[in-house]
Amino acid sequence: MAITVDEVFETAAMTLYQHLDIRTTTLGLNLKDCIHSDFAKFRKRVYDCVYGHGRDLIAGARALEVKYGIPVVNKRISVTPVSLIMETHATRSKFVAMAQTLDRAAAAAGIDFIGGFGALCQNGLTASDAALIESLPDVLSKTKRVCSFLNVGATVCGMNVDAVNLVGPMLKKTGRLTKNAVGCAKFVVMVNAPEDNPFMAGAFHGAGCPDAALNIGISGPGVVRSVVEKNTAGDLSELSEIIKRTVFKITRAGELIGRELAHDLGVPFGIVDISLAPTIAEGDSVARILEAFGIERMGAPGSTMAVALLMDAVKRGGAMASAHIGGLSGTFIPVSEDKGMIEAVKKKALSLEKLEALTAVCSVGIDMAAIPGSTPESTINAIIADELAIGIINHKTTGVRLIPVPGKKAGDAVVLGGLLGIAPVMAVNKFSSKKFMARGGRMPAPVTSLTN
Amino acid sequence: MKKDFSFITVIGKDQKGIVAKISDLLFKNNINIEDISQKVMEGVFVMTMLVDMAGYKKPITFLASRLDSIGAAMGLKIQIQHENIFKKMHRV
Chain Z
1 MAITVDEVFE TAAMTLYQHL DIRTTTLGLN LKDCIHSDFA KFRKRVYDCV
51 YGHGRDLIAG ARALEVKYGI PVVNKRISVT PVSLIMETHA TRSKFVAMAQ
101 TLDRAAAAAG IDFIGGFGAL CQNGLTASDA ALIESLPDVL SKTKRVCSFL
151 NVGATVCGMN VDAVNLVGPM LKKTGRLTKN AVGCAKFVVM VNAPEDNPFM
201 AGAFHGAGCP DAALNIGISG PGVVRSVVEK NTAGDLSELS EIIKRTVFKI
251 TRAGELIGRE LAHDLGVPFG IVDISLAPTI AEGDSVARIL EAFGIERMGA
301 PGSTMAVALL MDAVKRGGAM ASAHIGGLSG TFIPVSEDKG MIEAVKKKAL
351 SLEKLEALTA VCSVGIDMAA IPGSTPESTI NAIIADELAI GIINHKTTGV
401 RLIPVPGKKA GDAVVLGGLL GIAPVMAVNK FSSKKFMARG GRMPAPVTSL
451 TN
Chain Y
1001 MKKDFSFITV IGKDQKGIVA KISDLLFKNN INIEDISQKV MEGVFVMTML
1051 VDMAGYKKPI TFLASRLDSI GAAMGLKIQI QHENIFKKMH RV
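Protein sequence lines, in the order shown, are assigned to chains Z and Y. Anchor point for the first sequence: position 391 equals 391 in the working numbering, and the numbering is continuous, going up by one each time. Each position in the second sequence, counted from 1, maps to that position plus 1000 in the working numbering.
Treat the hints as calculated values from the structure; they're not laboratory data. A hint or two may mislead.
[Said to hold, decoys possible] Here are the simulated lysine-lysine pairs, DSS-like style, with alpha carbons at most 25 Å apart:
id: 1; chain 1: Z; residue 1: K67; chain 2: Z; residue 2: K179
id: 2; chain 1: Y; residue 1: K1002; chain 2: Y; residue 2: K1028
id: 3; chain 1: Z; residue 1: K346; chain 2: Z; residue 2: K430
id: 4; chain 1: Y; residue 1: K1002; chain 2: Z; residue 2: K41
id: 5; chain 1: Z; residue 1: K354; chain 2: Z; residue 2: K315
id: 6; chain 1: Z; residue 1: K67; chain 2: Y; residue 2: K1002
id: 7; chain 1: Y; residue 1: K1077; chain 2: Z; residue 2: K230
id: 8; chain 1: Z; residue 1: K315; chain 2: Y; residue 2: K1087
id: 9; chain 1: Z; residue 1: K173; chain 2: Z; residue 2: K409
id: 10; chain 1: Z; residue 1: K430; chain 2: Y; residue 2: K1058
id: 11; chain 1: Y; residue 1: K1003; chain 2: Z; residue 2: K32
id: 12; chain 1: Y; residue 1: K1021; chain 2: Z; residue 2: K67
id: 13; chain 1: Y; residue 1: K1057; chain 2: Y; residue 2: K1028
id: 14; chain 1: Z; residue 1: K44; chain 2: Z; residue 2: K144
id: 15; chain 1: Z; residue 1: K179; chain 2: Z; residue 2: K346
id: 16; chain 1: Y; residue 1: K1039; chain 2: Y; residue 2: K1087
id: 17; chain 1: Z; residue 1: K67; chain 2: Y; residue 2: K1087
id: 18; chain 1: Z; residue 1: K244; chain 2: Y; residue 2: K1087
id: 19; chain 1: Z; residue 1: K396; chain 2: Z; residue 2: K315
id: 20; chain 1: Y; residue 1: K1002; chain 2: Y; residue 2: K1077
id: 21; chain 1: Y; residue 1: K1087; chain 2: Y; residue 2: K1016
id: 22; chain 1: Y; residue 1: K1039; chain 2: Z; residue 2: K230
id: 23; chain 1: Z; residue 1: K347; chain 2: Z; residue 2: K315
id: 24; chain 1: Y; residue 1: K1028; chain 2: Z; residue 2: K67
id: 25; chain 1: Z; residue 1: K173; chain 2: Z; residue 2: K142
id: 26; chain 1: Y; residue 1: K1003; chain 2: Z; residue 2: K67
id: 27; chain 1: Y; residue 1: K1003; chain 2: Z; residue 2: K230
id: 28; chain 1: Z; residue 1: K348; chain 2: Z; residue 2: K430
id: 29; chain 1: Z; residue 1: K144; chain 2: Z; residue 2: K94
Sequences are here, hints too, so could you generate the full structure?
So, in structure tokens, the structure goes:
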């Protein structure tokens, strides 16, 4: 059946007016084969691998942008968790040097962020994991493009609270070393972290992955908002239906471009991550989708149910469009990167506690939330532990990207710049969990029957 | 020769010379127009051209930038996209 003018217009309008784009093409690279006892040779191999693949990725993605008329906004690389490949070079200074190598290779290739400078420590810390965490304030302040993660728990093994307790002090130190604590925006602490996540800061190329794999993250909050705004009268079933149909279309576009790019690069295609990913651009907001549903501001009563409905509809459309949905495939609601979220915090519609509740049904966690620089380390650790417990109990990925900004208090705003947006500083509960968190150890893996 | 289809979409205000200017560019680059449709949608003029690119030998960026220039001169949005994107998005 011939393509109609209406269908061509619908697709063209998505890119021209509704910010449809391929948010990220992320090439996962195995770096285990770069390991060498001579550290200089090891770094040279890592540099060559990242630079060579990065350059090809950029050229390939640009060609497809023109062919299909859809912008590919970010071209990124994720690598094997760096603590794994540094086992025999596990000193703080060598970790910093390796981060600088990754940063330089990414910069030379034109890659804006490179993920994977992290550790899988859900069952406990190796000496290498501990050295990596110790190096993070230096790494996050001395490099521009390197993103870091820690996976500190999983439904099958519980939570490593000793590792969580290292994060608060690390974030505070990183905050002091970088302007407006922006270094903290390049670090996420997670549970149930997927090996094929294309989105930063949590992207890494898992140990179970092939030498290379191309993963793709589509976007489209603006496209979804647009169809919702055109259907003001429909009931919730109709709302779900129109979102499902729209997400089907944008996921198919993502898969087409992902598969073709993987083919052109000669690497296997991995997954499509169907997460709705907002940007600071007007209209490209997840909060605005909820407003189009009929919720006055994100965070108002009804928001949790609305996000649950939205995310379920997104999954229905995405799952039909591609056999390989993966990564996070939730809905991102990063506070600083979404105009509707920023306004909701400023107008006191959205608190840190409601944000946590929202993440139980949709998103991948408390993301890009600035908090007062005076927040105690133990409170930061406890906020992280709360959010990660939601992930562990609910069999889902959750993560936390908190930005404790020195000298700022609740109600202030912090300009993080570029994609990272503007963060309103959120109020934090003043009561202490210091004694509880100081118990340390591991939270046991949850019983997975008896589900109420 | 096996055909290789793309769609050129023109969005904006209807005016004289749109087809003339685009078809002149296509002719000079050995691109055949297979079909033209037009319609007013949501208050704007929309024209689509189905074109066969099999005989076109230059980089696609060249054609895209020339179409951009025509669009800029006439106050129109002109975009070229390979037909696979429409097939994938609009056909199950």
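Consistency of the hints with the structure:
Pair hint K67/Z plus K179/Z does not hold up; C-alpha atoms about 40 Å apart against a cutoff of 25 Å. Proximity of K1002/Y to K1028/Y is assessed by CA-CA distance (about 20 Å); at most 25 Å being required, the pair is judged to hold. Distance check on the hinted pair: K346/Z and K430/Z sit about 19 Å apart at the alpha-carbon level, within 25 Å; holds. Distance hint between K1002/Y and K41/Z is unfulfilled; the C-alpha atoms sit about 49 Å from each other, more than 25 Å.
Between the alpha carbons of K354/Z and K315/Z the distance comes to roughly 23 Å, so the proposed pair stays at or under 25 Å and holds. Distance restraint check for K67/Z and K1002/Y: the Cα-Cα separation of roughly 18 Å lies within the 25 Å cut-off, and the hinted pair is therefore satisfied. The straight-line distance between the Cα atoms of K1077/Y and K230/Z is roughly 23 Å, inside the 25 Å bound, and the hint therefore holds. Between K315/Z and K1087/Y the CA atoms are separated by roughly 21 Å; this keeps the pair inside 25 Å, and the hint holds.
This hinted pair checks out: K173/Z and K409/Z have alpha carbons roughly 17 Å apart, not beyond 25 Å. For the hint pairing K430/Z with K1058/Y, the CA-to-CA distance comes to about 65 Å; that exceeds 25 Å, so the pair is violated. Distance restraint check for K1003/Y and K32/Z: the Cα-Cα separation of roughly 45 Å exceeds the 25 Å cut-off, and the hinted pair is therefore not satisfied. Between K1021/Y and K67/Z the alpha-carbon distance is near 21 Å, which keeps this suggested pair within the 25 Å criterion.
Pair hint K1057/Y plus K1028/Y holds up; C-alpha atoms about 12 Å apart against a cutoff of 25 Å. Between the alpha carbons of K44/Z and K144/Z the distance comes to roughly 20 Å, so the proposed pair stays at or under 25 Å and holds. Pair hint K179/Z plus K346/Z holds up; C-alpha atoms about 22 Å apart against a cutoff of 25 Å. A threshold of 25 Å between alpha carbons decides the hint, and for K1039/Y with K1087/Y the separation of about 20 Å falls inside it, so the pair holds.
In summary, the hint linking K67/Z to K1087/Y is supported, as the alpha carbons are separated by about 14 Å, within the 25 Å threshold. Distance restraint check for K244/Z and K1087/Y: the Cα-Cα separation of roughly 18 Å lies within the 25 Å cut-off, and the hinted pair is therefore satisfied. Using a Cα cut-off of 25 Å, the hinted pair K396/Z and K315/Z holds, with the two alpha carbons roughly 14 Å apart. Distance check on the hinted pair: K1002/Y and K1077/Y sit about 29 Å apart at the alpha-carbon level, beyond 25 Å; violated.
A distance of roughly 31 Å separates the Cα atoms of K1087/Y and K1016/Y; the hinted pair therefore is violated under the 25 Å criterion. A C-alpha spacing of about 20 Å is found between K1039/Y and K230/Z, which places the hinted pair at or below 25 Å, so the restraint holds. With a C-alpha separation of about 31 Å, the suggested pairing of K347/Z with K315/Z is violated against the 25 Å cut-off. Restraint check for K1028/Y and K67/Z: satisfied, since their Cα atoms lie roughly 20 Å apart, inside the 25 Å limit.
This hinted pair checks out: K173/Z and K142/Z have alpha carbons roughly 13 Å apart, not beyond 25 Å. For the hint linking K1003/Y to K67/Z, the alpha-carbon distance of about 16 Å falls within 25 Å, and the restraint holds. Restraint check: the Cα-Cα separation between K1003/Y and K230/Z comes to about 37 Å, which exceeds 25 Å; the hinted pair is violated. Between K348/Z and K430/Z, the direct Cα distance comes to roughly 17 Å. Compliance with the 25 Å bound is thereby established for this hinted pair.
This hinted pair checks out: K144/Z and K94/Z have alpha carbons roughly 18 Å apart, not beyond 25 Å.
When each numbered hint is compared with the structure, violations occur for hints 1, 4, 10, 11, 20, 21, 23, 27.
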